[in-house]
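J.: Sequence:
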Amino acid sequence: MDQRTLCLQYYMHYYHYYMWRRRLLAAIIVCLGMYWYKINVRKRKRKSITYAPMFERDVERMSRLNRMYYGTEANCISELRMRKFVFHKLCANLRRRGLLVDTFHVTVEEQVAMFIHVVGHNWKNRSIGFEFYRSGETVSRYFNAVLDALCLLARDVICIRTIETHSKITSSSRFHPYFEGCIGALDGTHIPACVPIHMQDRFRGRKSFPTQNVLAAVDFDLRFTYVLAGWEGSAHDSYVLQDALSRPNGLKIPEGKYFLADAGYAARPGILPPYRGVRYHLKEYRGSREPENPRELFSHRHSSLRTTVERAFGTLKNRFKIFASQPFFPLKTQVKIVFACCALHNWILDDGPDEYVYDDSTWYSALPRSRRHRRDVYQESQAWAHKRDVLAQKMWEDNLAAQDQDV
1 MDQRTLCLQY YMHYYHYYMW RRRLLAAIIV CLGMYWYKIN VRKRKRKSIT YAPMFERDVE
61 RMSRLNRMYY GTEANCISEL RMRKFVFHKL CANLRRRGLL VDTFHVTVEE QVAMFIHVVG
121 HNWKNRSIGF EFYRSGETVS RYFNAVLDAL CLLARDVICI RTIETHSKIT SSSRFHPYFE
181 GCIGALDGTH IPACVPIHMQ DRFRGRKSFP TQNVLAAVDF DLRFTYVLAG WEGSAHDSYV
241 LQDALSRPNG LKIPEGKYFL ADAGYAARPG ILPPYRGVRY HLKEYRGSRE PENPRELFSH
301 RHSSLRTTVE RAFGTLKNRF KIFASQPFFP LKTQVKIVFA CCALHNWILD DGPDEYVYDD
361 STWYSALPRS RRHRRDVYQE SQAWAHKRDV LAQKMWEDNL AAQDQDV
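Numbered by full-length UniProt numbering, the letters in the sequence shown go through residues 1 to 407 in order.
Keep in mind that the hints were calculated from the coordinates and are not lab data.
Check before you lean on any hint, since a few could be wrong.
PhoX-like, lysine-lysine: derived pairs with alpha carbons at most 25 Å apart [said to hold, decoys possible]:
id, residue 1, residue 2
1, K332, K124
2, K252, K387
3, K336, K321
4, K321, K124
5, K168, K317
6, K124, K317
7, K321, K89
8, K336, K207
9, K317, K336
10, K252, K336
11, K257, K394
12, K89, K336
13, K321, K332
14, K84, K317
15, K336, K124
16, K84, K321
17, K168, K257
18, K84, K257
19, K168, K252
20, K207, K84
21, K89, K317
22, K168, K394
23, K387, K207
24, K387, K168
25, K207, K394
DEER-style ranges, computed between Cβ atoms [as the list claims (entries may be wrong)]:
id, residue 1, residue 2, range
26, P330, D398, 48 to 56 Å
27, P177, P269, 16 to 24 Å
28, R95, I163, 49 to 57 Å
29, S127, P269, 28 to 36 Å
30, V390, D148, 44 to 52 Å
31, Q403, S78, 44 to 52 Å
32, Q403, N93, 47 to 55 Å
33, P177, D243, 30 to 38 Å
34, N399, I163, 24 to 32 Å
35, N93, P330, 23 to 31 Å
36, R67, N93, 52 to 60 Å
37, I163, A324, 16 to 24 Å
38, E180, R95, 40 to 48 Å
39, F209, D148, 24 to 32 Å
Treat the numbers as computed from the prediction; the structure is a model and nothing was measured.
All C-beta atoms, glycine included, are put in the ideal place defined by N, C-alpha and C.
With the hints as extra help, turn the sequences into a complete structure.
T.: Below you can see the structure in the form of structure tokens.
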């Protein structure tokens, strides 16, 4: 067989192979086309879903929002936990500082309103989505955005405003000049927490359910000046306080000033508790004799001032119902919610108290008695224990002198 015949055979073999590939490719394309045609025919036969007009839904949403924060003051306080002026001032501040921005579909006002419905009314994600005509993803996304913004705002509003003696002390002869260096009161409170099963023993303390122990210091205007959240419910208040004092950015007490604390704490620089083992709570003095010695007199007046922190906790929990039950958030988010709500509390009180703030007489009438059984294991400072003795003795001598003048 010569070379020309070999080349011809090779060419014919290659031609047949090429034509076979083209036919195979054409068959595949035809099959895919028929499959695509059948799918589209089935879609056409399927009954289509008709959605409500987006314009009508948006109109209904805006109508509800306008009625919420442009309506009456009573509706705004009930729904948003603050007056209209305070709400719009908050939104304007968050927008001006760039902490929140208006998006194409959701304004800053609506973002904050959804957040407050979660923490103020303890609404769940689906309930918020139903009322605001939003998806669950939208509600969750903007909840976290507002939460982070308020935590940044907390750095500015949760702080010691002034170290001057408050008018509540200077205007009363019962407190002045004995508590002249006092700038507030501090205490711990337990807030329900939702934690994994393997952590529940650490977070279950005095309560029958897991809690986080929150330490807070407040001034006499009921504003929070320091907040430390996230400690286990089984941790004693003294350990939480020790952690707050040892942190680099923790509780800083100005030189010569101090906070009032209950008998669960020890006397130390900046912390002044009452005497242990004597009558202290105001209910213990009702319908009974007056204080009989310097220690009882000091503890009685100490209790009258220290209830400020209890009033602040009561106001916070009355305003934000999310603290009434275990929230379904990660623990890190639960800690941030405490800071955010304390920041909102301070922001609202900057423009004056509202219906969630009880006055002294109303608070005293419903004051519960403490059931603390533990004590601060920290050794009491002799200098501050002596200072407490001096204050108690001076109170007692002045009280006796005032009684002699009345006679």
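J.: Please go over all the hints and tell whether each is borne out by the structure.
T.: Status of each hint after checking the structure:
1. The hinted pair formed by K332 and K124 meets the criterion: a straight-line CA distance of about 18 Å does not exceed 25 Å.
2. Between K252 and K387, the direct Cα distance comes to roughly 20 Å. Compliance with the 25 Å bound is thereby established for this hinted pair.
3. Restraint check for K336 and K321: the C-alpha separation of about 16 Å stays at or below 25 Å, so the hint holds.
4. For the hint linking K321 to K124, the alpha-carbon distance of about 12 Å falls within 25 Å, and the restraint holds.
5. Between K168 and K317, the direct Cα distance comes to roughly 24 Å. Compliance with the 25 Å bound is thereby established for this hinted pair.
6. With a C-alpha separation of about 18 Å, the suggested pair K124 and K317 falls inside the 25 Å cut-off, and the hint holds.
7. Between K321 and K89 the CA atoms are separated by roughly 23 Å; this keeps the pair inside 25 Å, and the hint holds.
8. For a cut-off of 25 Å, the pair hint linking K336 to K207 stands: about 22 Å separates their Cα positions.
9. Our distance criterion of 25 Å between C-alpha atoms is met by K317 and K336, whose separation comes to about 16 Å.
10. For the given pair, K252 sits about 21 Å from K336 by alpha-carbon distance, which is consistent with the 25 Å threshold.
11. For a cut-off of 25 Å, the pair hint linking K257 to K394 stands: about 19 Å separates their Cα positions.
12. Restraint check for K89 and K336: satisfied, since their Cα atoms lie roughly 22 Å apart, inside the 25 Å limit.
13. At most 25 Å may separate the alpha-carbon atoms for a hinted pair to count; K321 and K332 meet this at roughly 19 Å.
14. Distance check on the hinted pair: K84 and K317 sit about 21 Å apart at the alpha-carbon level, within 25 Å; holds.
15. Between K336 and K124 the CA atoms are separated by roughly 17 Å; this keeps the pair inside 25 Å, and the hint holds.
16. For the hint pairing K84 with K321, the CA-to-CA distance comes to about 20 Å; that is within 25 Å, so the pair holds.
17. For the proposed pair K168 and K257, the alpha carbon gap of about 16 Å is at most 25 Å, so the pair holds.
18. Distance restraint check for K84 and K257: the Cα-Cα separation of roughly 37 Å exceeds the 25 Å cut-off, and the hinted pair is therefore not satisfied.
19. Restraint check for K168 and K252: the C-alpha separation of about 23 Å stays at or below 25 Å, so the hint holds.
20. Restraint check for K207 and K84: not satisfied, since their Cα atoms lie roughly 37 Å apart, outside the 25 Å limit.
21. Of the pairs offered as hints, the one joining K89 and K317 holds, with about 23 Å between alpha carbons and a cut-off of 25 Å not exceeded.
22. Our distance criterion of 25 Å between C-alpha atoms is met by K168 and K394, whose separation comes to about 20 Å.
23. Restraint check: the Cα-Cα separation between K387 and K207 comes to about 35 Å, which exceeds 25 Å; the hinted pair is violated.
24. In summary, the hint linking K387 to K168 is supported, as the alpha carbons are separated by about 21 Å, within the 25 Å threshold.
25. With a C-alpha separation of about 40 Å, the suggested pair K207 and K394 falls outside the 25 Å cut-off, and the hint is violated.
26. About 54 Å separates the C-beta atoms of P330 and D398, a value consistent with the hinted range of 48 to 56 Å.
27. At about 20 Å, the beta-carbon gap between P177 and P269 stays in the expected band of 16 to 24 Å.
28. At about 33 Å, the CB distance of R95 to I163 disagrees with the hint of 49 to 57 Å.
29. The hinted window of 28 to 36 Å between S127 and P269 is violated, with their beta carbons roughly 49 Å apart.
30. At roughly 48 Å, the beta-carbon separation of V390 and D148 lies within the given 44 to 52 Å, and the hint holds.
31. A C-beta distance of roughly 49 Å is found between Q403 and S78, which places it inside the suggested range of 44 to 52 Å.
32. Distance hint check for Q403 and N93: the Cβ-Cβ separation is about 52 Å, which falls inside the suggested range of 47 to 55 Å.
33. In this structure the supplied range 30 to 38 Å holds for P177 paired with D243, their Cβ-Cβ distance being about 33 Å.
34. Distance hint check: the CB atoms of N399 and I163 are about 28 Å apart, consistent with the given range 24 to 32 Å.
35. The hint said 23 to 31 Å for the Cβ distance between N93 and P330, and at roughly 28 Å that hint holds.
36. For R67 and N93, the hinted distance range of 52 to 60 Å is not satisfied, since their beta carbons lie about 23 Å from each other.
37. As the Cβ distance of I163 to A324 is approximately 35 Å, the hint placing it in 16 to 24 Å is violated.
38. In this structure the supplied range 40 to 48 Å holds for E180 paired with R95, their Cβ-Cβ distance being about 42 Å.
39. Taking the beta carbon of each, F209 and D148 are about 28 Å apart, inside 24 to 32 Å as hinted.
Consistency with the previously given hints fails for numbers 18, 20, 23, 25, 28, 29, 36, 37, ordered from lowest to highest.
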